[in-house]
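Here are the chains, one letter per residue:
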Amino acid sequence: MKKFDKDRVLLGLAAPVLSVLGALIVTGLVLLASGKEPFHAFHVMLTYGSKSDSQVYILNKATPYYLSGLAVAIGFRMNLFNIGVDGQYRLAAFFAAAVGGSMSIPGIIQIPIIILTAMVVGAAWAAIAGVLKVTRGVSEVISTIMLNSIAGIVIGYFLQDGRLGVTDKLANTITTKPIPSGSHLFNFTTQTDPVVGFIVFAGLAGVVYWFVLSRTRFGFDLRSVGRSESAAQASGVSVKKMVIVSMLISGAMAGLVGMSTLLNQSYQFSTDFPAGIGFTGIAVALLGRNNPIGIAVGALLWAFLERASNGLEFEGYDKEIVGVIQGAIVLAVVIAYELVRRYGLARQQRQVGAELAAAGSDDKQEVTA
Amino acid sequence: MKSRCYARSVLPAAPSPSLPRYVRPPPPSAAPSEPRHRPEPFPRGECAINASTSPPAVELRGITKRFPGVVANHDIDITVRSGTVHALVGENGAGKSTLMKILYGMQKPDEGTIAIHGEPAVFGDPGDAIARGIGMVHQHFMLADNLTVLENVVLGSEKTYGIGGRARARIAEISDAYGLGVRPDVLVEDLGVADRQRVEILKVLYRGARILILDEPTAVLVPQEVDALFENLRGLKSEGLTVIFISHKLGEVLSVADEITVIRRGTTVGGADPKKTTARQLAELMVGSELPSPETRESTVTTEPMLTVQGLRMFETDSEGVERTVLDDIAFTIHKGEVLGIAGVEGNGQAELVEAVMGMRGLNAGVLTLDGKDITRTPTRGRREDGVGYIPEDRHRHGLLLEAPLWENRILGHVTERPNSRGFLIDPGAARRDTERIVEEYDVRTPGIEVPAASLSGGNQQKLIVGREMSHLPKLLIAAHPTRGVDVGAQAQIWDQIRAARREGLAVLLISADLDELIGLSDTLRVMYRGRLVADADPATITPQELGSAMTGAAAGHLAHQPEDPEAPGESGESGESGGEDR
Ligand SMILES: Nc1ncnc2c1ncn2[C@@H]1O[C@H](COP(=O)(O)OP(=O)(O)OP(=O)(O)O)[C@@H](O)[C@H]1O
Ligand SMILES: [Mg+2]
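Just so you know, the protein sequences line up as chains H and Z, in that order.
Residues in the first sequence are numbered from 1 upward in steps of one, following the numbering used here.
Residues in the second sequence are numbered from 370 upward in steps of one, following the numbering used here.
None of these hints come from the bench; they were simulated from the model.
Note that the coordinates shown come from a computational prediction; the quantities given were computed from them, not determined experimentally.
Just to be clear, a hint being listed does not mean it is correct.
Stated by the list, open to error - Simulated DEER-style distance windows between Cβ atoms: (1) S238/H <-> A734/Z: 18 to 24 Å; (2) V491/Z <-> R342/H: 47 to 53 Å; (3) P112/H <-> G525/Z: 55 to 61 Å; (4) R552/Z <-> I113/H: 33 to 39 Å; (5) I113/H <-> P674/Z: 43 to 49 Å; (6) G640/Z <-> S238/H: 25 to 31 Å; (7) E480/Z <-> F81/H: 42 to 48 Å; (8) I113/H <-> E809/Z: 43 to 49 Å.
Said to hold, decoys possible - Mimicking DMTMM-like on lysine to aspartate or glutamate, the simulated pairs with C-alpha atoms at most 20 Å apart in a straight line are: (9) K240/H <-> D564/Z; (10) K477/Z <-> E338/H; (11) K705/Z <-> D687/Z.
Claimed, not checked - Which chain H residues face chain Z? A few, computed with CB under 7 Å, are given here: (12) S228; (13) A231; (14) S235; (15) G236.
Using N, Cα and C, we set each Cβ at its ideal position, and we do this for glycine too.
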């Protein structure tokens, strides 16, 4: 049995490794076709991407990617496609910033209030899609896409002087009122830039995700719905309630996505607050196959590639090449997992055959059927 | 040797007056035999087809198929002569479905060869098999729920008759010719198991198959429907089609098959001549040991009500916006230790009644009382916690998570109960141990409890579900076709289990298409017709034939047994009698 398990781990690693390799080959071909030397490019990416300031950058970038990946994965686990993480986290961050900027109480109380606000806003925004699906049968894909743009409009409306925004004379932008320094979250100082303290919360979120889904009754119900709605319903799960609850959780998780930026870096919400992380989360969740560790690896890889693209630019490569790699990886992942799965099955069958051949014909009967 | 040349006059069966929906009009002669698409080695309808000269329709040689941890088929040889009905029998997990999936190109054999009409064939996918005139009706339905019947039939063979009017006409033609009563525009989602079974059969006929594989096509059909299907099979045979037929109902097998092959533990253990074999001998050949004889019945019915249903009504709005009454003023009481059997042709409200009692569908009126507690407003989970066990009619739709391992399936439906969980946490260790126990006690044939439910044979999936539901010592068991697809040995075991639990005070709501099961297991019988309980009967005296005719709405009130009336409900006679030997 032991040996079996080791093989399983190896097989488990084979898929992601294969897919990254596949993506590199595709990228290499693209580079060759554009008349550039691929190995040098990869070398540049690797050396630049592993410099110590790059490492910090990667960790800081990966934090929101990871949370976004988790938020998307919760939906995936029950066959819900929450494309709305993007709108949910931006709206959440905006209102959390507005709440944080309007208060000045000790950080130990204020920080939780800010985080809570973000989670509640994210959850509420996601719940709209859930309610629409349950009561009106609107596909969550459509409604969350719409809600993304509505979120943008809502932010645009409130982020004005006299409403929730203030004009920043120096930068010539409109922002929310900055969060007082007493409510800035701790950072981890390094030789270069600091690592965001919110990374701890992201790690915790991953643990909670794993625990709730695979160890609790609720998680079992949620996964049942994802596997078979009709069987889950017959087993006593209220599918409608589950749709709403999981959208709430997914949205609350999405609410955390903007918190590392808000509490560790910008301390305010302005028009240049990072956007598009919700979509990155979809790719990251796919890469990680909804597994909390897999998603972490996916988030780090994504951040690394983005960092590496800067290095490429310095060396005169097109930084878009990284976009090609990212796309190729997502495709390769899907293919690689299927290949590895088939290989594992075939190998196991060969083992069965070999064991049978070794055993006498009497034992054959034992194994059969 | 018996001539396999049938006069064409055999075909138009006497229309069954008792079952208006499945009346067969005289079939248009061209119906199932469009000459196109048919690689036919010899002229159709010619009586010169002779076993000694014409090659067999199907020849499987040395087929071996391994799955992780099991050998499903081991060096199997089978020869199916052209123009015959060939039955394949064997216990659950013997490898029947796997063998047929190999013949249909759904699975590749690890070793062995296939020859169709004497020519070697290698099938990469079902498309190749279909091109060689092979069609298969699967044990578990392969229909897209959210498409209509028409769309399902046409799907994948759009070129045959297009997707519009021509296809529709052809479907109507086949449906009429074979008395299938298929409605083309209904969503498959809204169909019951028997209706879906008929759609599957139609789908195969539509594709113009010359070699038909039927994997347990009768498991959910009532005797009249079985007879209609067999009449059709004989008709098909007389047109030169070859049928391979899998069933656990040995009486049926003996009545329809020309030849029988028995598979045990993945290998062929021999053939049997249906003329000279009894169901009992066949069963012994299958399982390899003598069958347990049915227990003599003793009444365990008490006077304490377990489930009381009063004034139950349910309306349903169909796709045209017309409101229909699907359950009309249903009232009954099941006492502790009582089995209440509901007889009826599918689609008369049984499924809705089950869903109402399970709380999966809202009521329009009525009160449900379980063991003195009003559960009318209790959600499904609450009812399950209160002690309602559920064996669903469609195990894939309502009973299993096919991709999940067995031990997670053991949790399904009982996640809030021991040993599956403690407080809010599930207890995988205890659930795994208990799954091992169920696998052992209920003889679920599986290489382990970590394999997904999908890799179990149909009958073994059923045994797992029965084991799971019985393990929670239910007060009330809702059993819809509880022995669907299980072999005769396991069937007897499940009946014993239900009888034993009944002795401890279990109340059972039993729905079954198998009238022998219904009569043999029930203490009280009710007949359901068009959403109403129209008649009741005493299982001690009623015969399957009498019950069969009552199910068509022919009788109301109390059905008394009439000893001398051999003519009365001739329809269900054949399979009813022979089915009795199953036990
Ligand atoms: N896809 C699969 N993966 C793994 N094992 C499988 C798979 N399909 C079938 N098996 C195994 O192969 C064996 C034969 O299964 P099969 O479905 O052919 O049985 P069967 O004779 O049709 O039984 P039943 O009467 O219960 O339908 C069983 O032990 C089953 O567990
Ligand atoms: Mg089978």
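Cβ separation of S238/H and A734/Z, checked against the hinted range 18 to 24 Å: For A734/Z against S238/H, whose Cβ atoms are near 22 Å apart, the range 18 to 24 Å holds.
E480/Z versus F81/H beta-carbon gap, inside 42 to 48 Å or not: 43 Å Cβ-Cβ, so the 42 to 48 Å window holds.
47 to 53 Å as the expected CB spacing between R342/H and V491/Z, which holds or is violated: Distance hint for V491/Z, R342/H is violated at roughly 19 Å.
Hint status (Cβ of S235/H to nearest Cβ of chain Z, threshold 7 Å): holds (4 Å)
Status of the given 43 to 49 Å range, CB of E809/Z versus CB of I113/H: violated (56 Å)
Verdict for R552/Z, I113/H (Cβ pair) under range 33 to 39 Å: violated (60 Å)
Distance restraint hint 55 to 61 Å, applied to the beta-carbon atoms of P112/H and G525/Z: Given range 55 to 61 Å: holds, Cβ gap about 57 Å.
Chain Z contact restraint for G236/H - C-beta distance below 7 Å: The hint holds - G236/H has a Cβ within 7 Å of chain Z, the shortest such distance being about 3 Å.
Interface hint status, S228/H versus chain Z (Cβ within 7 Å): holds (5 Å)
Restraint check for K705/Z with D687/Z, where alpha carbons must lie at most 20 Å apart: Status violated; Cα separation ~37 Å.
Cβ separation of G640/Z and S238/H, checked against the hinted range 25 to 31 Å: Once the Cβ atoms are compared, 53 Å apart, the range 25 to 31 Å for S238/H and G640/Z is violated.
Straight-line alpha-carbon gap K240/H to D564/Z, limit 20 Å: violated (28 Å)
In summary, the structure is inconsistent with hints 2, 4, 5, 6, 8, 9, 11 from the numbered list given earlier, while agreeing with the others.
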